[in-house]
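Novice: Chain residues, written in single-letter form:
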Amino acid sequence: AQSVTQLDSQVPVFEEAPVELRCNYSSSVSVYLFWYVQYPNQGLQLLLKYLSGSTLVESINGFEAEFNKSQTSFHLRKPSVHISDTAEYFCAVSLPYNNNDMRFGAGTRLTVKP
Amino acid sequence: ETGVTQSPTHLIKTRGQQVTLRCSSQSGHNTVSWYQQALGQGPQFIFQYYREEENGRGNFPPRFSGLQFPNYSSELNVNALELDDSALYLCASSVLTPSYEQYFGPGTRLTVT
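Protein sequences appear in the order of chains A and X. Residue numbering for the first sequence follows the numbering used here, starting at 1 and increasing by one per position. Residue numbering for the second sequence follows the numbering used here, starting at 1001 and increasing by one per position.
To be clear, the hints were calculated from the coordinates, so they are not data collected in a lab. Take the hints with a grain of salt, since some may be wrong.
[To be verified] Taking lysine to any residue pairs in the SDA-like style, the calculated list, with each CA pair at most 20 Å apart, reads:
1. K1013/X to L1083/X
2. K49/A to L1011/X
3. K49/A to L1096/X
4. K49/A to K69/A
5. K49/A to L7/A
6. K113/A to P12/A
7. K49/A to H1029/X
8. K49/A to K1013/X
9. K49/A to S73/A
10. K1013/X to V1095/X
11. K1013/X to S1065/X
12. K49/A to V1095/X
13. K49/A to Y25/A
14. K49/A to V37/A
15. K1013/X to A1080/X
16. K49/A to E1075/X
17. K113/A to P96/A
18. K1013/X to E1101/X
[Said to hold, decoys possible] Computed, partial: chain X to chain A, Cβ under 8 Å:
19. S1033
20. G1042
21. P1043
22. Q1048
23. E1052
24. G1105
25. P1106
[Unchecked claim] Partial chain X-side listing against chain A, Cβ under 8 Å, derived:
26. L1039
27. Q1041
28. E1053
29. G1056
30. G1058
31. Y1100
The structure displayed is predicted, hence computed values, not measured ones. Note that the Cβ used here is the ideal one computed from N, Cα and C, for glycine as well.
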């Protein structure tokens, strides 16, 4: 079965600094990959997804992630973070053509300091 | 277009009791998935319903059961509550094609004492 490992449980950074949140996946077959963000006391919101095609995917708020099949990674990056980016970020994996049994990582707590 | 809603927001139950959580899916979505998110952890898949039929189940005991109604809203029922059932329960609706994107509700915080 597919699985996800988020390598950092907490990432503190200063405002306007770059950030990378790391995600590695394990699967014997092709997968779909997702990044979700969760603000305090809220549900999850989709940031971006990789289904196929270009390995670099971008979100509307400046985040990007690159699918690397050889390294089985899907790291999330942002060149300059804002205080409002403080949240919990979850990497997730599912099998193609079906989104049941989506597997989530344990999450990375991003804290942006002024 | 209304988003995914869940009720109640918070709930406190006693060990051994039964609980029902409700979810209204986003307009046009025919698939609902339920997740359990324990404190400090990522969501864990409980089960999914597609057009009123169970369409996949995670590693949860049978005392976790669900329903999906003709309007695609859904219920999660948990019998014989245990302390470890305390968690945030998330519902997500979607259509299976083409994007497989799931839209999450705000969750129901269940506390079992």
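Novice: Against this structure, judge whether each hint is valid.
Specialist: How the hints compare with the structure:
1. K1013/X to L1083/X: 10 Å, holds
2. K49/A to L1011/X: Judged against 20 Å, a Cα distance of about 33 Å means the pair is violated.
3. K49/A to L1096/X: OK: K49/A and L1096/X at ~15 Å, within 20 Å.
4. K49/A to K69/A: 15 Å, holds
5. K49/A to L7/A: 19 Å, holds
6. K113/A to P12/A: 7 Å, holds
7. K49/A to H1029/X: 19 Å, holds
8. K49/A to K1013/X: Since the Cα atoms of K49/A and K1013/X sit roughly 37 Å apart, the hinted pair is violated (cutoff 20 Å).
9. K49/A to S73/A: 13 Å, holds
10. K1013/X to V1095/X: Given that 20 Å is the threshold and the Cα spacing comes to 33 Å, the pair is violated.
11. K1013/X to S1065/X: 17 Å, holds
12. K49/A to V1095/X: 15 Å, holds
13. K49/A to Y25/A: Distance of about 14 Å is within 20 Å: holds.
14. K49/A to V37/A: Measuring from Cα to Cα gives roughly 12 Å; hence the hint holds.
15. K1013/X to A1080/X: 11 Å, holds
16. K49/A to E1075/X: 28 Å, violated
17. K113/A to P96/A: 38 Å, violated
18. K1013/X to E1101/X: It is violated: about 32 Å lies between the C-alpha atoms, which goes past 20 Å.
19. S1033: 7 Å, holds
20. G1042: 3 Å, holds
21. P1043: With a closest approach of 5 Å, the P1043/X hint holds.
22. Q1048: 4 Å, holds
23. E1052: Violated. Min distance 15 Å.
24. G1105: It holds, given that the least Cβ distance between G1105/X and chain A is near 5 Å, below 8 Å.
25. P1106: 5 Å, holds
26. L1039: For L1039/X, the interface hint is violated, since the closest Cβ of chain A sits about 11 Å away, which is over 8 Å.
27. Q1041: Holds, about 6 Å.
28. E1053: 12 Å, violated
29. G1056: 3 Å, holds
30. G1058: 6 Å, holds
31. Y1100: Result: holds, 4 Å to nearest chain A Cβ.
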